[in-house]
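S.K.: Listed below are the residues making up each chain.
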Amino acid sequence: MKVINIIIKDLKVVLSDKQAIIVTMLMPLILMTILSMALKGSFISSLDIEINQIPIAVVKLYDQEADSQIFAQTLEERLNINLTGDEANPEEIFFEDFLESKEVSKMINYRIEDYEKAVDLLNEGEISAIIVLPEKYIYDMKINLFTPFRNNVDVRILTHPDRTIDGEIVASVMEAYNNTMSSIVIGKNVLIESASANDIGGEGFDNIDEIMEGMTDLVEGINVNIENLSVQGKQSIKSSEYYTSAMITMFILFAAGQGGRMLLEEKDNQTYQRMVIADISKTHILAGKFFTIFLLASIQIIIMLVYSYFALKVRWRDAGSVAVLSAASAFAVAGLGIFIASITYRAGNYRLANAFENVIIQVMAILGGSFFPLDLMPEIIQNLSVFSLNGVAMKAYLKIIMGYNFAGISGSVLILAATGILFIIAGVILFNKEVTANAKHSKIKTA
Amino acid sequence: MLKVENLYKNFGNIRAVDGISFEVERGEVFGLLGPNGAGKSTTISIISTLLPPTKGEILFEGESIFKNSKNLRQKLGIVPQDVALYPTLTGYENLRFWGNLYGLKGADLKKRINEVAEIIGLNGRLKDKVDKYSGGMKRRLNIGAALLHEPELLIMDEPTVGIDPQSRSHILDTVLKLNAQGMTIIYTTHYMEEAEELCSRICIMDEGKIIASGTKQELVELVKEKTQINIKLDNISDNMLQVFKEIPGVFDAAIHEDTVSLFGENGDMLLADIVSKVSEKNFKIQSIDIQKPNLEAVFLHLTGKALRD
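Line order of the protein sequences matches chains D and A. Numbered per this note's numbering, the first sequence spans residues 539 to 985. Numbered per this note's numbering, the second sequence spans residues 769 to 1077.
I should point out that these hints are in silico values taken from the structure, not numbers from a laboratory. Treat each hint with caution, since some may be false.
Okay, the calculated beta carbon distance ranges per label pair [unchecked claim]:
1. A:873 x D:941: 16 to 26 Å
2. D:819 x A:882: 24 to 34 Å
3. A:930 x D:849: 45 to 55 Å
4. A:831 x D:948: 47 to 57 Å
5. D:555 x A:822: 56 to 66 Å
6. D:819 x A:930: 26 to 36 Å
7. A:779 x D:819: 23 to 33 Å
8. D:925 x A:873: 40 to 50 Å
9. D:557 x A:873: 28 to 38 Å
Distance condition first, Cα-Cα at most 30 Å in a straight line; then the derived DSS-like pairs of lysine-lysine [unchecked claim]:
10. D:550 x A:900
11. A:897 x D:805
12. A:878 x D:540
13. A:838 x D:540
14. D:805 x A:1013
15. A:1060 x D:805
Yeah, the Cβ is synthetic: ideal placement off N, Cα and C, and Gly gets one too.
So here's chain D without its partners, still in its complex pose:
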């Protein structure tokens, strides 16, 4: 009961501070709205941003020799044309002229794998996307390039949901390739139709290889239908979804900052001593602070979730997972809060609490991807992101939006819970140690 009284009082004290409410409750709503809107168009296909080479795998489901043979046979049977064998090769166009071109190779680094191996690599995060060249790819492409006919070619791109941006970049590059190849095929058809209309007849077909060779010098694309799939049937992330998750996980850290000041503030204005004299144990006082921070973070999360649902149309697919993850996030933040509170109390000054709010939260925000998607960050920052509470929580929130079930985020929930417990233990130890280490400063002040 005494803990509840302390919590109610602390919540009243915090909520009576208008500046704190603006920072912790209003600011994230404004920021998530601005960032969601401002980065709506450029969030996914940020080609202007300098990035690392994107690792991809190319899966060849076709048999080049068989395709070429069938094509030659078909051409001979239907059009009575014998190819010399030195006509343009679709495989060379795709790999050498397109993927290995100077511009594309700056962005994309490919390897050839079989389908199963490629999917494994994608799921492990070793590669960001898979380009699947379908069966009869060579045959269909040759038909498109060298005959008046057009066959549909379905090139599929599989991306990893955690690397949405990489996947979208690969898709965009393939789309450019697709557009260019389409224009070639259309140009070829116009040429054939013109030749036919002007009764140029065989001469037009006699020179088609030469013409195609000239055109393919300019080309890094083919006539394909790109099917952009995410593995495991997951959805890609929109800017509003990304920044809602980012702001939730970043701004609840401020609750830890606020909580981090509470104990020393109580000591400075003598209310802490008064509580001890009122026979309130240190455990009760610390528990009161813990649950106050937990509730503050929970209130923040609820406000942001509701706002994002109505104002930004963010749809949280699995309410149960969101609730558990939110509770775990608030728990971790509350643990962090009393850890900071204990150190601050023991130190007798607000340096750590100030540094946490002004520096550490910002660093954690960057490491966790709250400002910029981690895909765009240098590898070292991506590796360091595991040390940011907000980064762990944000990934899990994004996974829920992507369509992962609870099993998909259970690892993150466990990490958050374990982190919270570790912080609580450290905070309790530090706080109790204070009794002997800093007893001089616990006395009642007099003139």
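Fit chain A to the supplied structure of chain D, relying on the hints for placement.
M.R.: This is chain A only, laid out in the frame that chain D set:
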């Protein structure tokens, strides 16, 4: 009611409390008088169970407070010198919180808050936030927060520091009323007049030690044959002190701001000698005041320095 026995407290190499012993009787106002740094705050912190002593014992109702602090804490009210309240909450919310911590709730709590508001004279202002209160109102609320659970022992730590005379007078009246209702009070102050007005018995502390204790009359007895002559001069320098001390019959002398306080026997004779010396040295006198022996004189007599130094 409360017995302090041979109490010591060290902070590193500094001895803040140096072997003090005293006893507080039920129903009295017991004064702890002393200048800053005398050890009053440390003593109070130990009595309040906030600090453990280095050595010594404190018995409350015959039981060691270090072995069983619960009994004392339930019956103890403390009024810290700093206003120990939540400024962004209302006066009512503050009183309700502190009342809750002492187990009061519902109608009982509401009734008690109204009673306390009456005692401290804030019944019309409890809905206001504390940060809108004047300094005096905050101090009164600070006292109110310590009264909610009707403590048997109330420790008031310099409750009148830095407030207007009207609030001070109200607080002193409150102390006397509470005592009249049977509450035992330990009152610390460095205002000699407050100790004289309120306290039935007084301990004078300096540098961690009790240098004198007893009723006001007993303490003044120590300096009863001494006259205190306060001379306000135009200019004061340290070397004047020696000049005055050389006057036959002057036991002691001290300077406080623009006034020299001299102590000696046979005030009338002494005054003539002093005026003669002042004229001889061309000091310019603004005023002369002859005082009966008081606690200030006792402190000066015992320590050689003024209480407010």
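S.K.: With reference to the structure, classify each hint as holding or not holding.
M.R.: Hint by hint, here is what the structure shows:
1. Roughly 49 Å separates the CB atoms of residue 873 of chain A and residue 941 of chain D, a value that falls outside the hinted 16 to 26 Å.
2. Range check, residue 819 of chain D to residue 882 of chain A: Cβ separation about 30 Å, and the 24 to 34 Å hint holds.
3. At roughly 51 Å, the beta carbons of residue 930 of chain A and residue 849 of chain D sit within the given window of 45 to 55 Å.
4. For the pair residue 831 of chain A and residue 948 of chain D, the beta carbons lie near 54 Å from each other, so the given range of 47 to 57 Å is met.
5. Distance hint for residue 555 of chain D and residue 822 of chain A: a CB-CB separation of about 40 Å, inconsistent with the stated range 56 to 66 Å.
6. Checking the proposed 26 to 36 Å range against residue 819 of chain D and residue 930 of chain A shows it holds: the Cβ atoms sit about 33 Å from each other.
7. In this structure the supplied range 23 to 33 Å holds for residue 779 of chain A paired with residue 819 of chain D, their Cβ-Cβ distance being about 24 Å.
8. For the pair residue 925 of chain D and residue 873 of chain A, the beta carbons lie near 45 Å from each other, so the given range of 40 to 50 Å is met.
9. Distance hint check: the CB atoms of residue 557 of chain D and residue 873 of chain A are about 33 Å apart, consistent with the given range 28 to 38 Å.
10. For the hint linking residue 550 of chain D to residue 900 of chain A, the alpha-carbon distance of about 17 Å falls within 30 Å, and the restraint holds.
11. In summary, the hint linking residue 897 of chain A to residue 805 of chain D is supported, as the alpha carbons are separated by about 21 Å, within the 30 Å threshold.
12. A threshold of 30 Å between alpha carbons decides the hint, and for residue 878 of chain A with residue 540 of chain D the separation of about 17 Å falls inside it, so the pair holds.
13. Using a Cα cut-off of 30 Å, the hinted pair residue 838 of chain A and residue 540 of chain D holds, with the two alpha carbons roughly 16 Å apart.
14. The suggested pairing of residue 805 of chain D with residue 1013 of chain A is violated, with an alpha-carbon distance near 47 Å, which exceeds 30 Å.
15. Note on residue 1060 of chain A and residue 805 of chain D: the hinted pairing is violated, with a Cα-Cα distance of about 43 Å set against a maximum of 30 Å.
In terms of the numbered hints stated before, the structure departs from hints 1, 5, 14, 15, listed from lowest to highest.
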